[in-house]
Amino acid sequence: MLQKDGAWTLVAPDASQIAAMGYALDGPVAVDVVMTFAHGTDRALDPIQVKKTVWIGEPSTNPDLPAITVAGAPPGEDIAVPLDQDVYFATSVPDGWRVNWLTSIGTLYQDDEPTSYLHVAKKDRQQGEVACVVRDDQGGVAWKVWPIHTQ
Amino acid sequence: VRIAHADDSALPGTFSDPAHALELDPAIELVPVAGVPSAFAIRDADPSRVKLYFDGFEVPALVYGGRALWFGQLSHVRTFGDGMDLGYAGTAGLEVVTDRRPEGFELDATPMDSSLVAGPYPTGVRGAFFTPAMQRELTLDTSSHPINVQERLDWKPSAHWTLTASALALVTTPQDFARIIAKAAYDTRANNAVLAASISDHTYDTRAEVSHELRDVGGLSSLAVRAGETTTIRDDNTFDGGAWAGVAAILAKSAMFTGGVRADVFDRQVSLSPRAALGAMFGATRVSLSAAASRIAQVDRDVTPERATEVVARVTRKRRNLYATYDAYYIDRSRIVVDGKATGVGTAYGVEARAQKLVGPWTVYVAGSLARATRADRLTAADHAADHDVPLRVDVIASWVSGDWRLGARLQGRSGLPYTPVTGAVYDADTDSYSPLDGKLDAGRAPWRRQLDLRVDHRWGTHLRAYLDVALDGGVLGYTYSYDYSQRLEVRAPIVLPWLGIVGNL
Numbered sequence: 001m002l003q004k005d006g007a008w009t010l011v012a013p014d015a016s017q018i019a020a021m022g023y024a025l026d027g028p029v030a031v032d033v034v035m036t037f038a039h040g041t042d043r044a045l046d047p048i049q050v051k052k053t054v055w056i057g058e059p060s061t062n063p064d065l066p067a068i069t070v071a072g073a074p075p076g077e078d079i080a081v082p083l084d085q086d087v088y089f090a091t092s093v094p095d096g097w098r099v100n101w102l103t104s105i106g107t108l109y110q111d112d113e114p115t116s117y118l119h120v121a122k123k124d125r126q127q128g129e130v131a132c133v134v135r136d137d138q139g140g141v142a143w144k145v146w147p148i149h150t151q
Numbered sequence: 001v002r003i004a005h006a007d008d009s010a011l012p013g014t015f016s017d018p019a020h021a022l023e024l025d026p027a028i029e030l031v032p033v034a035g036v037p038s039a040f041a042i043r044d045a046d047p048s049r050v051k052l053y054f055d056g057f058e059v060p061a062l063v064y065g066g067r068a069l070w071f072g073q074l075s076h077v078r079t080f081g082d083g084m085d086l087g088y089a090g091t092a093g094l095e096v097v098t099d100r101r102p103e104g105f106e107l108d109a110t111p112m113d114s115s116l117v118a119g120p121y122p123t124g125v126r127g128a129f130f131t132p133a134m135q136r137e138l139t140l141d142t143s144s145h146p147i148n149v150q151e152r153l154d155w156k157p158s159a160h161w162t163l164t165a166s167a168l169a170l171v172t173t174p175q176d177f178a179r180i181i182a183k184a185a186y187d188t189r190a191n192n193a194v195l196a197a198s199i200s201d202h203t204y205d206t207r208a209e210v211s212h213e214l215r216d217v218g219g220l221s222s223l224a225v226r227a228g229e230t231t232t233i234r235d236d237n238t239f240d241g242g243a244w245a246g247v248a249a250i251l252a253k254s255a256m257f258t259g260g261v262r263a264d265v266f267d268r269q270v271s272l273s274p275r276a277a278l279g280a281m282f283g284a285t286r287v288s289l290s291a292a293a294s295r296i297a298q299v300d301r302d303v304t305p306e307r308a309t310e311v312v313a314r315v316t317r318k319r320r321n322l323y324a325t326y327d328a329y330y331i332d333r334s335r336i337v338v339d340g341k342a343t344g345v346g347t348a349y350g351v352e353a354r355a356q357k358l359v360g361p362w363t364v365y366v367a368g369s370l371a372r373a374t375r376a377d378r379l380t381a382a383d384h385a386a387d388h389d390v391p392l393r394v395d396v397i398a399s400w401v402s403g404d405w406r407l408g409a410r411l412q413g414r415s416g417l418p419y420t421p422v423t424g425a426v427y428d429a430d431t432d433s434y435s436p437l438d439g440k441l442d443a444g445r446a447p448w449r450r451q452l453d454l455r456v457d458h459r460w461g462t463h464l465r466a467y468l469d470v471a472l473d474g475g476v477l478g479y480t481y482s483y484d485y486s487q488r489l490e491v492r493a494p495i496v497l498p499w500l501g502i503v504g505n506l
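Protein chains in written order, with this note's numbering: chain A, 1 to 151; chain B, 1 to 506.
Hints are computed from structural coordinates only; laboratory data are not their basis. Fair warning: there could be bad hints in the mix.
[As the list claims (entries may be wrong)] Derived, one-sided and incomplete: chain B residues facing chain A with beta-carbon distance under 8 angstroms:
| id | residue |
| --- | --- |
| 1 | Val-426 |
| 2 | Asp-428 |
| 3 | Ala-429 |
The model shown is predicted, which means the values in this text are computed figures rather than measured ones. Where a beta carbon is used, it is the ideal one built from N, C-alpha and C, also for glycine.
Bound-form chain A, shown alone (with noise of 0.2 angstroms):
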């Protein structure tokens, strides 16, 4: 694993290595990449891991992120949302795919369908980041984050 210029990639050890670890060569071997994080932000119980599996010998391309609307528009680089009103954040995806909201204001209903929809009340941060991630069912994955304010 390399880390260069905030990504991480993974360097796929050639044919002869692959045959001395004891893998067959006829289809695609998969790697799991684990990451552990020993503290997380607001975990009782920790370590947490991310695990993410790796097939190497069958190259594939992450999916675009599809059109996202805010209230039914396109968002800009910076999202305004009301304050104390349901702001609808929806996408499109084919069946299979999974779609995730996340934010760090207010709170997200429907966070795991294609329509969510974020509230923000007076006692919540009224400043922070909305993301949307989108998996494939090929293992692909596209994601953006948004810095998100109240008005």
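Once you have looked at the hints, place chain B on chain A.
This is chain B only, laid out in the frame that chain A set:
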């Protein structure tokens, strides 16, 4: 060794349920599955090693929604002595259901359960309108209605012969079960014989037994010789067979030896289970001593048979209004299946005491145990606590009778069961799901449990009675976790759990 009596289920904390009454014995634990008692563990043995029999033939664990699914009395047979004749023995002991005739019409209804036993024909039907289900708190599941039907017909065509037809059927979710038994018994003073056949779900079983008693032979007061067999044939053409033989010799007026061996054949495996017991009574003191040793092979279809070797010493003391037993035991277990391989070993040892005293209108029962049970994945691996290791148990009951009223209280205390703590989580980025990171096996232990039960019974004549059995608990039963394992949540028993029962007997 019989430990359960019909009246036991009228003691506080039993909720008039024979399965809970079994827990009066400190060797027996009702094991919760998803928070609801659903199986038995005897000493340290896994519930899968405890076999339950109905009229001598194996049936599934008859506990559903925390309540017993059987009628009649239930006896507890240790792994030595009388267990030889009962098919494939569990390494933990045997639970034997003895059928009984319902006497007239009986309706038993509590907020958690209800049952109906109809007579005068010897047929019983028991069903539950709702059953308790433990989520994070106790709830009543109204969608599940387990039904138990038992039937028994006895016919004596002559002085020595008894013919019996009995059946047991369970209609539960997700499993239905039925067993039909036909039995012929021949009984004279010196000779006894039993021939029985049974049909169950895709299995056909037989059981035969003969015994002959000689008196004043070879210097013995009595010598009884017993032998028998069991067979099971399944629809898939697999066959299990077992044969056993034993003797019971009264050496003198106050000493008795029992011993024998059982051989089980399963496919190409042959398992021998020898056992022997020696007992002596000291007449003037009303104290008897017994010692027993047994080696039991647990026959399992898929793996090498687990073995348990048990040595038990018992002191029994009987005096007027007092009955007490004191046990010390050691169990060595091997061939325990770990990750599909029979490499596991384990030991258990402990002492148990049970004492009951009647004083005027008072009944006082005290029981307790000190025990330690460990397991290891292989001989060279480090020990850890067994899943059902309960180092300390204490049970004190006092019951008082006056006229038609009976009042009782019970204080229970026991160590919490071991559990494997979750120390973290693995987030799968492909499936967006979490799975637990398990810590050291059985390294955690649930907190000490204590429970106070208060009970009042009242009888109106001989046909109607009612009881209120209130459990005061609120203790931690175990733990569950949030979906991402970021939080550990306690599963607690209800603080107050009342059972109100009305029993009519016509």
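Evaluated hints:
Hint status for Val-426 of chain B relative to chain A: holds, with the closest Cβ pair at about 4 angstroms, below 8 angstroms. Interface hint status for Asp-428 of chain B: upheld, as the beta-carbon distance to the closest one in chain A is roughly 5 angstroms, under 8 angstroms. Evaluation of the Ala-429 of chain B hint against chain A yields a held restraint, the C-beta minimum of about 4 angstroms falling below 8 angstroms.
Going through the hint list in order, the structure satisfies each hint without exception.
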